[in-house]
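Asks: Sequence:
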Amino acid sequence: MRGFWKTVNFVIKESDIILEVIDARFPELTRNPEIEDKIKNKILILVINKCDLVDKKEIEEYAKKHKAIFISANQRLGTTLLKKEIFRHAKKERNIIGILGYPNTGKSSLINALAGRRAAKTSPKSGYTTGKQLIKMTPTIYLLDTPGVFPYKEKNELKHALTSS
1 MRGFWKTVNF VIKESDIILE VIDARFPELT RNPEIEDKIK NKILILVINK CDLVDKKEIE
61 EYAKKHKAIF ISANQRLGTT LLKKEIFRHA KKERNIIGIL GYPNTGKSSL INALAGRRAA
121 KTSPKSGYTT GKQLIKMTPT IYLLDTPGVF PYKEKNELKH ALTSS
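Numbering (my numbering), first residue to last: 1 to 165.
Keep in mind that the hints were calculated from the coordinates and are not lab data. Fair warning: there could be bad hints in the mix.
[Unchecked claim] Quick list of in silico lysine-lysine cross-link-like pairs, DSSO-like style, CA-CA up to 30 Å:
id, residue 1, residue 2
1, Lys84, Lys67
2, Lys13, Lys84
3, Lys84, Lys136
4, Lys67, Lys57
5, Lys67, Lys56
Taking the hints into account, I'd like the entire structure generated from these sequences.
Replies: Structure, rendered in structure tokens:
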């Protein structure tokens, strides 16, 4: 677990913008407050993935309350809105967008949707991504894929089973 936090700290340090990917089926269970607390002087965009699997009205209310963007990476729903938000903040000549979140929230699927191609390997198995990879989205925007991370102090196995983490 410590190796994953080394990765998280690297991503936070190297990224200009952080996307925290949470699962629409379990938004509160898959938010990672430790990641959110670690991000200082960086832009954080909450991305609620898998919105096609839940009631639209509920997820719209949650997204509005938490200033999040809801998408379905697999169905390519909401990705245009997310891209606009990324472009709004990506002002540098080279922008790194760090992708963080619990295992199995769809981080790699999101990268593929944003990149417009199968750039990151995906699997329904939790923990499939084991290392960092930088993927070109546009000539000036790069996406940094990482393994899923649990809060360091979290030991709730029931929660992990429920969320397929």
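Asks: Decide, hint by hint, whether the structure agrees.
Replies: Now the hints, each set against the structure:
no., hint, result
1, Lys84 - Lys67, "holds, 15 Å"
2, Lys13 - Lys84, "holds, 23 Å"
3, Lys84 - Lys136, "holds, 16 Å"
4, Lys67 - Lys57, "holds, 15 Å"
5, Lys67 - Lys56, "holds, 16 Å"
Every hint, counting from the list given before, is met by this structure.
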